[in-house]
Amino acid sequence: MSLSAPPAPPQLVKPDTHRASSSSRRFKLSRWDIKYSPYIYVAPFFLLFAVFGIYPVLQTARMALYDWNLIGDHTFTGFDNFTALMGDEYFWNAVKNTFGIFLLATIPQLFGALFLANLLNQNMRGRMFFRLMIVAPNVTSVAAVAIVFAVLFRRDFGLVNWVLGFFGVDAIDWKGETWSSWSAIATMVDWRWTGYNTLILLAAMQAIPKDIYESASLDGAGKWRQFWSITLPQLRPTLIFVVTVSTIGGLQLFTEPVIFGDGRILGGAQREFQTIAMYMYEKGFNDLQFGYGSAIAWALFIMIILVSGVNYLLIRRSVK
Amino acid sequence: MGVTPRRRTFAVAALAAITAIGGLAACTKKNDEPSTPGEIKLVVDTFGEFGYDDLVKQYEASHPGIKIELRKTAQLGDYRPKLVRYLATNKGAGDVTALEEGIITEFKANAANWVDLSQYVGDKSADYLPWKYEIGKTSDGKLLGLPTDVGGLAMCYRKDLLEAAGFKSDREAVSALWPTWDDFIKVGQEYRTKTGKGLLDTVTTAFSASLSQVGGDLFYDKDFNVVADTSPAVKTSWDLALKLADAKVTAKTNTWSAEWQAGFQQGTFAATLCPSWMLGIIEQNSGAANKGKWDVASVPGGGGNWGGSWLSVPTQSKHPKEAAELAAFLTNADSQVAAFKAKGPLPSNLKALGNADFQAYQNPYFNNAPVGKIFGEGAKTLKPVTIGPKHSSVKERAFEPALQAYEAGRLSAQAAWDQAIKDAKVQGAF
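If you read the sequences in order, they're chains P and C. Just so we're aligned, residue 1 is where the first sequence starts under my numbering, counting upward by one. Just so we're aligned, residue 1 is where the second sequence starts under my numbering, counting upward by one.
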């Protein structure tokens with residue numbers, strides 16, 4: 001900054017005080033600008049985050065300590081909601097369902113995405129077209145996807161059962177059994193999210209310097225060996241990101257199972273596929289127990305943090 | 001990326017197009033502002049089919065300056081949580097809001113949310129079935145809801161399917177086939193032998209009908225204690241549902257499911273319980289292609305009242321006076337006759353029930369069944385049942401799932417009963 005400061009005025013001339021003060025003000029302003037304006041540039045995000053991120057989290061924490069009727073009275077009850085939650089059979093059922101569907105959906109999804117990304121990273125005809133098409137499922141509305149798949153997985157006159165019929169399989173009541181409902185929902189999730197993860201992994205693959213591959217092939221490493229020894233380790237940070245985002249999305253699963261179950265919040269006659277988010281909605285909005293619903297929300301929040309942390313450690317260790 | 005500029009342009013354009021399509025689908029902004037200043041806009045919130053489409057047009061024409069938006073939600077199950085949100089945030093509720101019998105008691109408990117309609121429309125007790133009017137009032141005499149319809153019972157059946165199975169299909173003969181539920185089960189078994197299909201859609205519709213036929217205390221007693229485990233009406237209806245499932249006379253299509261809706265068109269089942277408000281729903285699910293194939297016969301086991309609603313005005317409405325007047329219009333005798341003709345809800349207005357036009361009405365979709373006569377005759381003899389605050393929740397989230405699990409063969413009778421009773425205590429807590 002000192003370089004841009006104005007040269008000292010000649011001694012004989014009466015100093016132009018006005019000009020000096022103006023330029024020093026300008027100097028101050030520009031210093032202020034450099035120091036503080038970046039905060040203003042990022043402020044909108046943090047303002048929005050405070051309003052839509054922090055405030056709800058804190059408010060939910062507060063409501064979780066109340067017996068809070070959504071359209072009636074509020075009474076402070078301390079940790080009663082959490083104590084009740086720990087002994088709530090339907091809550092643990094929802095936890096089981098959520099993790100079951102999450103694993104059933106996420107593991108094939110990540111392997112599929114890795115495979116597809118590797119495929120799209122090769123020299124092939126029309127690869128730009130395929131790269132675009134692979135994200136098309138992700139930009140379709142989740143409700144539309146869920147409605148179409150709910151029709152495909154219908155017990156009577158559903159397309160999947162019709163095709164299975166050719167192989168002599170009896171009509172499956174997809175909503176009736178735990179395994180069948182989980183598979184149907186996992187299919188919806190994968191259809192929508194595999195392409196998205198593929199694209200992110202593909203971008204990361206393209207950032208890997210080509211010369212590493214060149215020297216590897218000079219050393220006699222085949223394609224497969226290159227994939228294991230170069231591509232995967234280089235993808236580590238991206239894989240951590242992808243797994244974390246999938247965890248957050250998977251544990252909050254809501255729309256697909258609700259629409260699959262004909263809009264019923266119970267998720268099957270015996271809650272075969274009711275997720276934590278659905279149970280939270282059932283308690284908060286159907287039973288009007290907003291305090292209890294908030295406690296479920298916090299339990300979910302903590303679970304997501306824990307699972308993301310475990311995932312992070314696992315991936316960091318396994319892909320070296 | 002190794003793409004030429006032209007291909008990159010194409011790629012960007014394609015990506016933009018895809019994003020735009022996705023974005024459009026996600027963006028359905030609603031405009032709540034009236035189109036011209038000085039105009040009052042009233043929103044009417046209903047579920048299922050109330051038959052108000054033509055009536056609101058008529059009201060707009062006779063009341064310049066008033067614009068009405070009809071917001072329909074297909075299922076009561078989706079409607080209630082929405083309404084709860086509107087009330088909790090004190091924003092977004094319709095100016096005129098329909099409340100069904102299974103949820104009105106619960107909403108009446110927080111009476112401050114609702115306008116006392118009597119200050120705008122006066123005392124209308126002489127106009128309606130007395131018990132129906134009473135339910136619309138709070139214990140301290142405020143009028144929170146004007147009666148729309150009652151749910152007189154009948155059995156809707158597919159004429160063509162019964163004929164194909166070798167039964168007589170005209171409505172008198174069909175009514176004579178099943179004076180009691182035991183007779184109905186015999187017909188169902190015969191139908192199963194001949195066609196391999198279920199006669200009735202599911203056990204839960206029979207369960208609901210039977211509850212209203214037995215009457216008295218259902219899930220709650222008069223002091224709103226949950227008595228589902230000891231109530232005779234519940235026990236009788238439960239046993240009936242189990243008997244129907246054991247005899248395999250149902251198609252196991254859960255109500256409101258995709259299979260159920262498809263079943264109306266595909267003929268998966270040949271009969272369903274129809275309180276009169278169900279007529280519109282059957283018509284909608286079956287579609288124009290099946291016009292004239294459905295008909296209406298009497299219900300096994302005698303009359304009962306299943307369902308029916310009231311129109312209320314939330315205190316958050318900006319135009320309570322206009323909204324109350326609109327509610328009064330929609331529930332007056334002429335409107336109730338018009339709504340009945342349009343979509344089937346059975347009038348609760350005494351003048352409408354006595355109206356010659358109503359009594360002579362034949363529904364063209366249902367093979368010109370004289371529905372005015374069929375439903376009208378029993379309407380005045382309907383008796384009220386005790387509807388507790390969480391009636392819908394107990395029915396739909398405790399008893400129906402347990403019955404569905406039994407019907408599908410996944411729970412024993414004892415396990416299903418235990419699940420229902422356990423869930424009833426949770427869902428019924430108030």
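Fair warning: there could be bad hints in the mix.
Covered by chain C, per the in silico footprint, the following chain P stretches (three or more residues, Cβ under 8 Å) [what the hints assert, rightly or not]: (1) 68 to 78; (2) 151 to 164.
The calculated lysine-lysine pairs, modelled on DSS-like cross-linking and capped at a C-alpha distance of 30 Å, are [unchecked claim]: (3) P:K96 to C:K422; (4) C:K321 to P:K96; (5) C:K373 to C:K72; (6) C:K82 to P:K96; (7) C:K142 to C:K321.
Quick caveat, the hints were computed from the structure, so don't treat them as lab data. Glycine residues also receive a C-beta, built at the ideal position from the N, C-alpha and C atoms.
Evaluation of the provided hints:
{"no.": "1", "hint": "68 to 78", "result": "holds (count 3)"}
{"no.": "2", "hint": "151 to 164", "result": "holds (count 5)"}
{"no.": "3", "hint": "P:K96 to C:K422", "result": "21 Å, holds"}
{"no.": "4", "hint": "C:K321 to P:K96", "result": "51 Å, violated"}
{"no.": "5", "hint": "C:K373 to C:K72", "result": "28 Å, holds"}
{"no.": "6", "hint": "C:K82 to P:K96", "result": "28 Å, holds"}
{"no.": "7", "hint": "C:K142 to C:K321", "result": "16 Å, holds"}
Checked against the numbered hints given earlier, the structure breaks only hint 4 and satisfies all the rest.
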